[in-house]
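S.K.: Residue 33 in our numbering sits at position 45 of the sequence shown, with consecutive numbering throughout.
Hints were generated in silico from the structure; no laboratory data involved. This structure is a prediction, so every number in the text was calculated from the model and none was measured. Take every hint as true, because none was put in to throw you off.
The list that follows gives simulated cross-link-like pairs (lysine-lysine, DSBU-like), each with its CA atoms no further than 35 Å apart:
(1) Lys70 with Lys1
(2) Lys28 with Lys(-9)
(3) Lys(-9) with Lys146
(4) Lys109 with Lys138
(5) Lys109 with Lys70
(6) Lys(-9) with Lys1
(7) Lys141 with Lys109
(8) Lys141 with Lys34
(9) Lys1 with Lys109
(10) Lys109 with Lys7
(11) Lys7 with Lys138
(12) Lys28 with Lys141
(13) Lys34 with Lys1
(14) Lys70 with Lys7
(15) Lys138 with Lys28
(16) Lys(-9) with Lys34
(17) Lys7 with Lys146
(18) Lys(-9) with Lys7
(19) Lys1 with Lys28
So the derived label-pair ranges between C-beta atoms look like this:
(20) Glu27 with Glu2: 24 to 32 Å
(21) Val80 with Thr48: 14 to 22 Å
(22) Glu2 with Glu35: 21 to 29 Å
(23) Gln145 with Pro19: 15 to 23 Å
(24) Gln26 with Glu59: 32 to 40 Å
(25) Val18 with Ala52: 29 to 37 Å
(26) Val44 with Pro66: 21 to 29 Å
Each residue gets a CB set at the ideal place from its N, CA and C atoms; glycine is no exception.
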Amino acid sequence: MTKTPPLLEYLEKEGITLKSLIDSALEMYVPHPGVETQEKAVEQFKEEFLDVLDDVNVSTLIVAAFHAQHEAENGRIPGLTKERFMGRPGLVADELIGIAIATYIGGSRGMFEFVRFDQAKPGILSQLPPLTNDAIGALVAGVSSNVYTKALKTKNQKQ
-11 MTKTPPLLEY LEKEGITLKS LIDSALEMYV PHPGVETQEK AVEQFKEEFL DVLDDVNVST
49 LIVAAFHAQH EAENGRIPGL TKERFMGRPG LVADELIGIA IATYIGGSRG MFEFVRFDQA
109 KPGILSQLPP LTNDAIGALV AGVSSNVYTK ALKTKNQKQ
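Put together the whole structure using the sequences plus the hints.
M.R.: Encoded structure:
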């Protein structure tokens, strides 16, 4: 039996399950060589999420985003009033956190996938507040990018 990654336990306390992460990825799913069916995609997304959620650097960035979200909601980020935070003019820290997470997990491909997910906000992403939706969106995007990249490499190696 696979041990639950500590970050997944943390996310579950925040209302984000492995299923909701996979479902968000599936909303943007496009069949690719090696990931031709949704069933294959679910299996590969689950495997990749469990791997990435076990990475201490991903944990640190995700927890930092949640901490910043809670601090911003309570008006405790210097210079950022609750009103400005909710109106968000000029705030790009959420995007920067997302870029860092997506790039760390999936490289440049993960970064481009992050743009797709950030614009569409599929699944759980549409229900999350500003800082955390970009962090979780980047997590899903990085994992998605890795799944497609690995599947294509595997397919090419078999040929």
